[in-house]
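Asks: Chains D and U are the protein sequences, given in the same order. For what it's worth, numbering that gives the first Met the number 0 labels the leading residue of the first sequence as 0, then goes sequentially. For what it's worth, numbering that gives the first Met the number 0 labels the leading residue of the second sequence as 0, then goes sequentially.
Any given hint could turn out to be false.
Here are the simulated lysine to any residue pairs, SDA-like style, with alpha carbons at most 25 Å apart [to be verified]: (1) K2(D) to C72(U); (2) K19(U) to M0(D); (3) K7(D) to R64(U); (4) K100(U) to Q52(U); (5) K2(D) to Q78(U); (6) K19(U) to V31(U); (7) K7(D) to H77(U); (8) K7(D) to Q78(U); (9) K4(D) to Q78(U); (10) K4(D) to G58(U); (11) K100(U) to D115(U); (12) K7(D) to L3(U); (13) K4(D) to G93(U); (14) K4(D) to L61(U); (15) K149(D) to C91(D); (16) K19(U) to C72(U).
Computed far set for chain D versus chain U, every beta-carbon distance over 10 Å [claimed, not checked]: (17) V5; (18) A12; (19) G79; (20) G152; (21) D166; (22) D172; (23) G181; (24) A204; (25) W208.
Chain U regions said to be covered by chain D (calculated; three or more residues, Cβ under 8 Å) [said to hold, decoys possible]: (26) 1–14; (27) 44–52; (28) 57–67; (29) 73–85; (30) 93–100; (31) 103–110.
Just so you know, these hints were derived from the structure itself, not from any lab. This one's a predicted model, so the numbers in the text were calculated from it and none came from an experiment. All C-beta atoms in this analysis are idealised placements derived from N, C-alpha and C, irrespective of residue type, glycine included.
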Amino acid sequence: MMKLKVEKRILSANDEVAAQNRARLDAAGILAINIMASPGAGKTSLILATAGRLLREIPLGVIEGDLASRIDADLVATRGIPVTQINTGGSCHLDAPMVRTALDHLPLENVRLLFIENVGNLVCPAEFELGAHLAVVVASIPEGHDKPYKYPGIFARADAVVLNKADLLHVFDFDVEYFERGLRMVNPSVPLFVLSCRTGQGLDAWVTWLLHHINDRSGSSVPATS
Amino acid sequence: MHELAVTENILALALEAAQKAGARRITALNLVIGDLSSFVDESVQFYFDLLSQGTIAEGAVLHFRREHAVATCRACGHQFQVSPPLVPICPNCGDYHLEVKGGQGLAVESIEVSDDDEAESRKADP
Chain D
0 MMKLKVEKRI LSANDEVAAQ NRARLDAAGI LAINIMASPG AGKTSLILAT
50 AGRLLREIPL GVIEGDLASR IDADLVATRG IPVTQINTGG SCHLDAPMVR
100 TALDHLPLEN VRLLFIENVG NLVCPAEFEL GAHLAVVVAS IPEGHDKPYK
150 YPGIFARADA VVLNKADLLH VFDFDVEYFE RGLRMVNPSV PLFVLSCRTG
200 QGLDAWVTWL LHHINDRSGS SVPATS
Chain U
0 MHELAVTENI LALALEAAQK AGARRITALN LVIGDLSSFV DESVQFYFDL
50 LSQGTIAEGA VLHFRREHAV ATCRACGHQF QVSPPLVPIC PNCGDYHLEV
100 KGGQGLAVES IEVSDDDEAE SRKADP
């Protein structure tokens, strides 16, 4: 019997493709955002609400990930946004090879901000790098305030957290402070945006944060990290 | 649910390492899994047994080393091990301000190989 050292991240094959995706996006001058959330938290709504604010100044593109159907992609397409749908056929997350294929179906030369809407799930998507520059986790008031405690892995990886459906705060027993404390346990300095895609409240701060990152990128070639 | 995809990658890494070394049989795999990564050990072993059939890793045992997540209380400095669901309160002083680190590993550390064709010897053993 002999022991052989391997010392490799289990998902290193996926990471390699993610790095290729990142290089391709960088070459095209695109900022890509991986949007993760449980089903129904408002991933598509956030994309559409953001498009409502930005579409005139920033050309958007969207990759929609779902187990099946084109419902979200069709909705995005009605706004005139270039969109491509990935149907994972039962897989609970997007991975880097799926995104690589999806990039072939988008007019990258006409896109500056790309939203990659992951499959609705707070567990699996966290492990798979896609090549996006930023990871955003969307939580929502009706889901309850315990999500960061139950799914710390995904919140730990977020570059920003959106707490959606803030217009329902008066209806639910949702303790924002409790939610935020759980979030800060695993991600002490992550920006938290409490907003409502339905009413538009709180969207300004989110859009400002996005614009800051878009402008950051167009000024220089940003090195590819995680 | 993502255990299947993860297990496919585990098997591929093990087979690649064994092939490079010219090993004839993989008897065990040593994995590091973070406590925050929501993996079920039994599920990974189950998929591994299915996927490894007919390969030199068939029958290999998976050893899981859990990489723990540690919470530190910002008020009193007390440190304690945590796994989901995280506790919202320091068990030492009752403060709410905690910071959790670690527990995110997901790696194949090493494999154990042998030059004997163990599958054959197992069959021969009554």
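Asks: State for each hint whether it applies.
Replies: Hints versus structure:
1. K2(D) to C72(U): Violated, at roughly 39 Å.
2. K19(U) to M0(D): holds, 16 Å
3. K7(D) to R64(U): Since the Cα atoms of K7(D) and R64(U) sit roughly 15 Å apart, the hinted pair holds (cutoff 25 Å).
4. K100(U) to Q52(U): The given pair, whose Cα atoms are some 38 Å apart, is violated under the 25 Å limit.
5. K2(D) to Q78(U): violated, 34 Å
6. K19(U) to V31(U): Holds - the C-alpha atoms of V31(U) and K19(U) are around 22 Å apart, at most 25 Å.
7. K7(D) to H77(U): violated, 33 Å
8. K7(D) to Q78(U): Since the Cα atoms of K7(D) and Q78(U) sit roughly 29 Å apart, the hinted pair is violated (cutoff 25 Å).
9. K4(D) to Q78(U): It is violated: about 32 Å lies between the C-alpha atoms, which goes past 25 Å.
10. K4(D) to G58(U): Cα-Cα ~20 Å, so holds.
11. K100(U) to D115(U): violated, 42 Å
12. K7(D) to L3(U): holds, 18 Å
13. K4(D) to G93(U): Violated, at about 43 Å.
14. K4(D) to L61(U): The hint holds at about 15 Å.
15. K149(D) to C91(D): holds, 18 Å
16. K19(U) to C72(U): This hinted pair is violated, its Cα atoms lying about 46 Å apart.
17. V5: violated, 4 Å
18. A12: violated, 6 Å
19. G79: holds, 34 Å
20. G152: violated, 4 Å
21. D166: Consistent with the label, D166(D) stays out of reach of chain U, its closest Cβ about 26 Å off (over 10 Å).
22. D172: At roughly 16 Å from the nearest Cβ of chain U, D172(D) sits farther out than 10 Å, so the non-interface label holds.
23. G181: At roughly 6 Å from the nearest Cβ of chain U, G181(D) sits no farther out than 10 Å, so the non-interface label is violated.
24. A204: Consistent with the label, A204(D) stays out of reach of chain U, its closest Cβ about 24 Å off (over 10 Å).
25. W208: holds, 23 Å
26. 1–14: holds (count 8)
27. 44–52: Violated, because only 0 residues of the stretch 44–52 of chain U bring their Cβ atoms closer than 8 Å to Cβ atoms of chain D.
28. 57–67: With 0 residues in contact (Cβ-Cβ under 8 Å with chain D), the coverage given for the stretch 57–67 of chain U is violated.
29. 73–85: With 3 residues closer than 8 Å to chain D, the stretch 73–85 of chain U meets the three-residue bar; holds.
30. 93–100: Coverage by chain D holds here, the residue count being 5 at a Cβ distance below 8 Å.
31. 103–110: holds (count 7)
Figure legend: structure checked against the earlier numbered hints; hints not met, in rising order: 1, 4, 5, 7, 8, 9, 11, 13, 16, 17, 18, 20, 23, 27 and 28.
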